[in-house]
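Colleague: Chain residues, written in single-letter form:
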Amino acid sequence: MQIDWMNFTPWSAALGGVAIGLAAGLMILLLGRIAGVSGIVAGLLPPAKGDVSWRVAFILGLVVSVALWRLAGAARAPVFDIGYGATILAGLLVGFGARLGGGCTSGHGVCGLSRLSPRSLAATLAFMTSGVLTVFALRHILG
Amino acid sequence: MKSTIAAFAIGLLFGLGLCVSGMILPSKVKGFLDIAGNWDPSLAFVMGGAIGVGLIAFRFARAGSRALLGADMRLPTNDRIDAPLLIGSSIFGIGWGLAGVCPGPAIVDLGFLDPQIVVFILAMLAGMALEKPARGLFGAR
Numbered sequence: 001m002q003i004d005w006m007n008f009t010p011w012s013a014a015l016g017g018v019a020i021g022l023a024a025g026l027m028i029l030l031l032g033r034i035a036g037v038s039g040i041v042a043g044l045l046p047p048a049k050g051d052v053s054w055r056v057a058f059i060l061g062l063v064v065s066v067a068l069w070r071l072a073g074a075a076r077a078p079v080f081d082i083g084y085g086a087t088i089l090a091g092l093l094v095g096f097g098a099r100l101g102g103g104c105t106s107g108h109g110v111c112g113l114s115r116l117s118p119r120s121l122a123a124t125l126a127f128m129t130s131g132v133l134t135v136f137a138l139r140h141i142l143g
Numbered sequence: 144m145k146s147t148i149a150a151f152a153i154g155l156l157f158g159l160g161l162c163v164s165g166m167i168l169p170s171k172v173k174g175f176l177d178i179a180g181n182w183d184p185s186l187a188f189v190m191g192g193a194i195g196v197g198l199i200a201f202r203f204a205r206a207g208s209r210a211l212l213g214a215d216m217r218l219p220t221n222d223r224i225d226a227p228l229l230i231g232s233s234i235f236g237i238g239w240g241l242a243g244v245c246p247g248p249a250i251v252d253l254g255f256l257d258p259q260i261v262v263f264i265l266a267m268l269a270g271m272a273l274e275k276p277a278r279g280l281f282g283a284r
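From first to last, the protein sequence lines stand for chains W and R. In terms of the numbering used here, the first sequence has 103 at position 103, counting the first letter as 1, and numbering is strictly consecutive. In terms of the numbering used here, the second sequence has 218 at position 75, counting the first letter as 1, and numbering is strictly consecutive.
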């Protein structure tokens with residue numbers, strides 16, 4: 001293992017993390033809900049009466065945030081290093097797996113670990129492990 | 144109405160956190176997962192910052208109480224570590240490692256109007272819809 005010092009950004013990473021933690025904290029204390037993105041999205045499939053507007057508003061906030069970030073002038077656009085077929089497969093796996101596992105990086109990784117939930121710790125270890133193995137296979141076996 | 148505005152503001156803050164931290168970039172996420180190569184530990188610092196604040200916030204969250212805007216506080220009640228949890232999370236991790244985005248950053252990335260991210264989101268929604276009929280196969284409720 002070697003550290004990628006060129007791309008390692010501890011300060012902005014921690015600062016962004018604090019904003020994410022604040023958002024998750026405000027979500028539970030103001031609205032009483034877990035800020036798990038996959039769960040919030042899946043709760044609209046199909047929409048349930050009286051449980052729609054906060055979900056849509058949160059999702060809109062996520063999308064609009066990038067406009068503010070671009071206004072700040074710092075925005076680097078995301079670049080995929082996979083083709084469309086792999087993108088579709090990845091999306092299917094992310095959506096399916098997040099629902100079956102009851103959460104994703106935000107729900108289990110941020111909120112669950114903040115609640116000191118052993119279930120979320122198990123989930124986080126599972127997806128970190130399979131994520132590491134996937135990138136290892138892509139870059140060091142297939143690549 | 145208050146809750147809707149609050150949810151929007153929370154989404155903005157959450158999204159800006161993902162932008163500032165660099166987690167909206169697939170290269171940054173993959174750089175973290177690539178522990179055998181040129182490793183970028185940034186994602187661990189994102190988690191550290193988020194959980195540091197989250198630990199404090201969730202200490203004030205009590206199941207059965209009311210949230211500040213009046214709704215019931217809903218905390219997860221399922222604490223089982225079972226096959227659906229581990230299989231689902233592992234499947235999720237494969238997709239995450241393949242693309243370098245998870246649901247939060249993917250939705251934020253929609254703001255860049257990149258057709259590939261739209262395709263990812265549509266596939267993710269399809270995956271979520273497919274899980275419902277298939278979950279029984281994995282022993283889920």
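These are calculated hints, taken from the structure and not from any lab test. Take these hints with a grain of salt, some might be off.
As the list claims (entries may be wrong) - Chain R is faced by these chain W residues, among others (derived, beta-carbon under 10 Å): (1) L26; (2) A48; (3) K49; (4) L62; (5) H140.
Quick caveat: nothing in here was measured; it's all calculated off a predicted structure. Note that CB positions come from ideal geometry on N, CA and C, so glycine has one too.
Colleague: With chain R as the partner, please determine if L62(W) meets the hint condition of a C-beta pair closer than 10 Å.
Modeller: 4 Å, holds
Colleague: Just to be careful: measuring from the Cβ of L26(W) to every Cβ in chain R, is the smallest value less than 10 Å?
Modeller: Given a least distance of 5 Å, the restraint on L26(W) holds.
Colleague: Return the status of the interface hint for A48(W): holds when the least beta-carbon distance to chain R is below 10 Å, violated otherwise.
Modeller: Violated - the Cβ of A48(W) stays beyond 10 Å from chain R, reaching only about 14 Å at its closest.
Colleague: Should the interface hint for K49(W) be scored as holding, given a Cβ-Cβ cut-off of 10 Å against chain R?
Modeller: Status violated, d = 15 Å.
Colleague: Mind checking the CB of H140(W) against every CB in chain R and telling me if the closest is under 10 Å?
Modeller: 6 Å, holds
Checked against the numbered hints listed earlier, the structure breaks hints 2, 3; every other hint is satisfied.
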